[in-house]
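> Please model the complete structure; the sequences and the hints are all you need to start from.
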Amino acid sequence: MLKLFKNISGDKAIWAVVALLALFSFLPVYSSSSNLVYVVGNGTTMGHLVKHALLLFLGFGIIYGVHKIPSHFFKGLSLIAMPIVLILLIFTLAQGTTSGGTNASRWIRLPLVGLGFQPSNLAAVVLMIYVARYLTKIKDKVVTFTESILPLWVPVFLTIVLILPANFSTAAIIFSMVLMLCFLGGYPIKYLLGIIGTGIAFLAIFILTAKAAPDLFPNRVDTWMSRVDNFTNPEDTDADYQIERAKIAIATGGFLGEGAGKSVQKNFLPQSSSDFIYAIIVEEYGLVGGFVVMFFYLLLLFRIIVVANGSATIFGKLLVLGVGLPIVFQALINMAVAVELFPVTGQNLPLISMGGTSSWMICLAIGIILSVSNKDAEIEESDSSENIDETNPLEILSGQL
Amino acid sequence: MPVTDKGILTRLYFVAGGLFLFAAAVMFKLVSIQMVDGDKYKDLADKRTSKMFTIAPNRGNLYSDDGSLLATSVSRYTIRFDAVTVKDKTFNENVKPLANSLAKLLGKTPSHYQQVLRKAKANKNRYTLLARNLDYSDYMAVKEFPLLKLGPYKGGLIVEQKTVREHPLGKIAERSVGYERIDENGYYTRVGLEGAFGQYLGGVEGKRLKQKIAKGQWKPIGTDNIVEPQDGYDVISTIDVNIQDIAHHALLKQLDYYKADHGCVIVMETKTGEVKAISNLGRTKEGKYYERLNYAIGESHEPGSTFKLMNIVAALEDGIIDTSSVKDTEKGYWKIYKHRVRDSKHGGYGKITMSKAFEVSSNTAFAKMIHNGYKENPERYVNRLMNMGLHKELGMPIKGEGKPVIRYPGDKGWSGLSLAQMAYGYEVSVTPMQTLAFYNAIANDGEMVKPRLIKEVKEWNRTVEVFDKEVLNPSICSKETISKVKQLLKNTVEKKHGTGHGLYSPNFSMAGKTGTCQKDYVSKDPDKLKYISTFAGYFPADNPKYSCIVVIHEPDKSVGYYGADVSGPVFKSVAQKVYATSPLVDEINMEDVKDGNLDSSYQKYYVQAQKKQTTVPNVKGMCGMDAVAILENLGLNVEIQGNGKVKKQSVTKGTEISKVKNKIVLVLS
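Chains as they are written, first to last, in my numbering: chain X, 1 to 401; chain C, 402 to 1070.
Because the hints were derived from the structure by calculation, they are not lab data.
Just so you know, even glycine gets a beta-carbon here, dropped at the ideal spot from N, CA and C.
One or more hints might be untrue.
Here are a few chain C residues that sit away from chain X, every Cβ distance over 12 Å (derived from the structure) [said to hold, decoys possible]:
{"no.": "1", "residue": "ASP440"}
{"no.": "2", "residue": "GLN516"}
{"no.": "3", "residue": "ARG519"}
{"no.": "4", "residue": "GLU718"}
{"no.": "5", "residue": "LYS732"}
{"no.": "6", "residue": "SER906"}
{"no.": "7", "residue": "LYS1005"}
{"no.": "8", "residue": "VAL1068"}
The list that follows gives simulated cross-link-like pairs (lysine-lysine, DSS-like), each with its CA atoms no further than 27 Å apart [claimed, not checked]:
{"no.": "9", "chain 1": "X", "residue 1": "LYS262", "chain 2": "C", "residue 2": "LYS430"}
{"no.": "10", "chain 1": "X", "residue 1": "LYS12", "chain 2": "C", "residue 2": "LYS407"}
{"no.": "11", "chain 1": "X", "residue 1": "LYS190", "chain 2": "C", "residue 2": "LYS407"}
{"no.": "12", "chain 1": "X", "residue 1": "LYS262", "chain 2": "C", "residue 2": "LYS611"}
{"no.": "13", "chain 1": "X", "residue 1": "LYS262", "chain 2": "C", "residue 2": "LYS620"}
{"no.": "14", "chain 1": "X", "residue 1": "LYS262", "chain 2": "C", "residue 2": "LYS608"}
{"no.": "15", "chain 1": "X", "residue 1": "LYS262", "chain 2": "C", "residue 2": "LYS452"}
{"no.": "16", "chain 1": "C", "residue 1": "LYS572", "chain 2": "X", "residue 2": "LYS139"}
{"no.": "17", "chain 1": "X", "residue 1": "LYS262", "chain 2": "C", "residue 2": "LYS613"}
{"no.": "18", "chain 1": "X", "residue 1": "LYS137", "chain 2": "C", "residue 2": "LYS407"}
{"no.": "19", "chain 1": "X", "residue 1": "LYS262", "chain 2": "C", "residue 2": "LYS441"}
{"no.": "20", "chain 1": "C", "residue 1": "LYS897", "chain 2": "C", "residue 2": "LYS887"}
{"no.": "21", "chain 1": "C", "residue 1": "LYS654", "chain 2": "C", "residue 2": "LYS958"}
{"no.": "22", "chain 1": "C", "residue 1": "LYS407", "chain 2": "X", "residue 2": "LYS141"}
{"no.": "23", "chain 1": "X", "residue 1": "LYS262", "chain 2": "C", "residue 2": "LYS443"}
{"no.": "24", "chain 1": "X", "residue 1": "LYS262", "chain 2": "C", "residue 2": "LYS448"}
This is the structure we're talking about:
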C-alpha cells in the first residue's frame, strides 16, 4: 500500500479532491439507491453500494494507470483512438435500441463484464485530446479556415453528428467544449463564430427533418422539444415533476440539511442517484453540503488551471484544459439542472453520481491531467520528442518515445 | 498564428472567470430556492409526502348485567383469488384439490369452485371472490388450502380483513343494543345502547404520522405513535338477558296472535330504575316481526286509561275526591257540551265509588271527576301533572326520546272538553317509558327514579365509572295517596270486576292498569279506527320488585283489542317467568336433626368399606346403595332387583373374590 502511495505522482491536490469526492459519493449514492431498490424494484441497496465501490475502485485503477503514461503519448493515442471511437459510435447508433419510439441508443453492452458503456463519453475525451493535438500542431502557423476543415472540423462534426440523435445534451456539451478549447488554443475567433453559425444551422436542419419525417431516422427530437418547452414555460405541468421535486428537496434541506440518509424526495425523484443527486445532497446535507461539493469542483478547476499553467508544453496545457474543464463544466451543468438554471439534461455529477462506466471516462481524464502534472516526466520527455512526426502513429508505437 | 503560453493563460482566465460566474449563479439560485421559495416548497413537501394516519381503536364490548355479551367486535375475512400471479403449472396441479377443500368448507359443489377458478384463470381475473365474511377459524383453514397456502404471490391469495359488530343474542333487543355508524361525511347515526354509549365504547383514535416512500407506500415516521390509540371501554348495561328473552318472546307471541302493527315491552327494576328488558317489535310486510324502531322510548302517543292513574293521584293530592267518593256513571255515557263520554260497558256501572271506577276503568266517572273538580281552575290540574314531571322528557341517553305533550289552558288545542278528555288519557301524549317511570314511582313509594340502561363502564377488570340510580323526583305525591292508589292497582287485578282480573293468579300478586286507547279516531270511519292496548303495572303487588309496561299498537280488531286481553297476557307471562326465575329469598335455619338409623347404617357401611376384603362380605340387611358401593369397589359386578334393604345376595359371604365369575344379584326388599 505504502509502495503504491510512493508511486503516486502528479498533483497531490487533485488526487486529494478526487479521492474526497469519491469517498463522499458513497453517502448520497447509498442513500438514494433506496429509490432504485424500493421504488423501481431493482437490486438491493448493498448491491448498489458494492457495485459503486467496485466501479470507483476500477476507476482509480484507471487513474493510476493513465497517470503513469507520459503525457505526449496521448497525441498519438488520440490519432489511433479517433477512428475506433467513430466506429463504436456508428455501431451504437446502428444497434438502434429504441425505447417507446425514441432513440435511446446510447449504450453498448461490454462483453464479459456485462456492464453498459456509453461510447459518447469516451468519444468526448478522445476528441478533446485530438483537438488539443491539432491546436498544438498549428501553434506557430497562421491557419486558414479551409486548411483546418479536414484535420479539425471533420472529425469534430462526425463525432457530434453520431452522438446527436441519441444524446443531444452530450453532443452540445462536447461541441461547446471543443469551441472553448479552440478559443484557448488561439484558433481565430472569427472562424469560431462561423462554426457556431454552421452548427446552429445544422441543428435546425436536423430538427426540421426529424419533424417533417419522423420515421426517416431514429431521434429524440420530441423529447428535447418538450424538455426545453418545460424549461421556458413558467406554468406548472406534470412534466415539471422532476424539477419540482428537486426544488422541494433543496428547500427542505435548509442550512444544515435533514441528515444523512433522511432524504424524502429521493424516492420521488427519478434518477435521484445520478442526474438529480445534487438535490439529494442539498436535502441531506443542507446548503453547507451543497457549497462544500461546489467548492471541491472549483478547487479542481483551480488545480487544473495551476497544472495547465505549470505545464511546460503547449500540448500539455491544452490537454489538461481540454480534458479537465469538461469535468467541471459537466458538474456545473448538473447542479444548474437541479436548481432549474438549465433545462433537464442527462448529465451526471462527475465522481459522485452512480453513473457506471461513465465515471471511468472521468477517471481517464483525471489520469491524463495527473500525467501532465507529473512535471519531471514531462520535461524529460519534452526534449527528446522535439523532432518526432507526431502525425504518424506508427512511429509513436515503435517505442522510440 | 503564434500561440504563446501567455496567450493561453489570458484566455484561460477568461474561461475560468466564466465558469466561476456560472458556479456563482448556481449557488445564488440554490440560496434563493431556499430563502425565497423555501416555505412554498416545504409546504409542498409536507402535503405531498406526509400524512396523518388514524389508527382505529378496538371498540369495547357491550354486556348485559350478568356478563353475557350483547355486542362485540369480531374480525371477518373476505377471500379473493388472483389468477394471474399463479403459474399455470401450479394452478393446474392444485385447482382440483383447492376446489374440493373450498367445497368442503363453504358448502357448494367442488365443480362449482373448479369452474369459478378456471374461469378466473381464463379471464385473467386478479380479484375473484371466493368467500365472504369468514370467521377467524375458517380463515385460518382457507390459508392452509392447496395453492392458497403458497401465499399472495405464488398462490394468488388475497385477504381482506374487516371488523364487524356481532350480536351474539341475535335479533333479541337488537334495536336497543343498536349501532353506531359514521358516514363518509363524518355524520354519526347513533341508535340504541351502542349509540348512547358510543363515547365509552368507541375509544380514542390513534394518530401516526407517515411518510410517503412511493405510490401507495407509506412508512411510519419515528418510533412512537403521535397519539396512542385507546381501546374502547366495555359497557355493562342493565339489560338482563333472561328477562329480555322472556319479554321478547312473550311480546312476539302476542303480536303474532293479534297481527298487531307493533308493540313494546319494558321491564324495569323498581328500586333502581334499571331497565332489565326492552323489546320493540314491528311488523314487516311479510307479517314477520323484528326490532325496527325504539317505540318504547321514541313513540309518544295518547296513553288512554293508563293515564287514569296520574289523574286519580292528582285528584287525591288536590283533595278533589277520595277513593270512597261516589260518582254516577249514568247509563254508560255522559254528555258534556256536544261530546259523549262513554264507558266500555253498555249501560254503565251505576253509582260507584272512585276506587271501583278506577278498577273498572270508567271513563264517565273520571271525566266527571276531573271536569267537575278542576273546571273552575284547570291550571291547578295541569300544574299538578307538571309537578309530577309528566311534561318533561326523562332524559334517556338513547337518541330520539319522544316528547310528552301536556297542554296548558290557553295553549293551542285546549278547549272546554280538554279536562274531560285528559281524564281518561286523551289530549295528552307520553311515551311508554314515561308512563312506566310514573307507575314505577308509585311502586317505589313515590320516589321517581330515572330509567337507566347502563350500569358500569369497565376497562378489562378495572371499573372506570359506575352509574348509580338517579332520582328524578324524591316524592311525586304523599305517602297516603301512594298507599291508596297501590291498593287500587292491586284490586284491578285481584277483584273480580277489575279490568285486569284476567291476569289474576293465586300464586303471585300483580298490580296494574289496563288501557285501551283509540287511534286515528278523527276520521270517523269505523274501519280506520285502530286501538292501542296497554298494560302497565308492577309485581309483586306488595313490595314490588319490577315494574313493566306492555304497549301493543293496532291489534287486529276482529281478534281483540282490549288492553287486558292483548297486552295483559304479555305482562302476566313476563311477571310469571321473572317471578319463577327470581324467587324471593327466604332463609330457613335447619336444625341438624340426628337420625339414629341413618347413623348406625352409615357406621356399618363405613366399617365394611374400610376393611381390606379378599372375600365377599355379608351385605344382608344393608341399604342397597351401601351394598352396591361396597361390592363394586371390590371389582364385582352387581345387579339389583327391587329397592330398600338387601334381603338376599346370590353369592354367599366368604367366597373368594377372585372366584366370583358371575354377577352378584342382590334382592332388595
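> Which numbered hints turn out to be false for this structure?
The structure conflicts with hints 1, 16, although it agrees with all the remaining ones.
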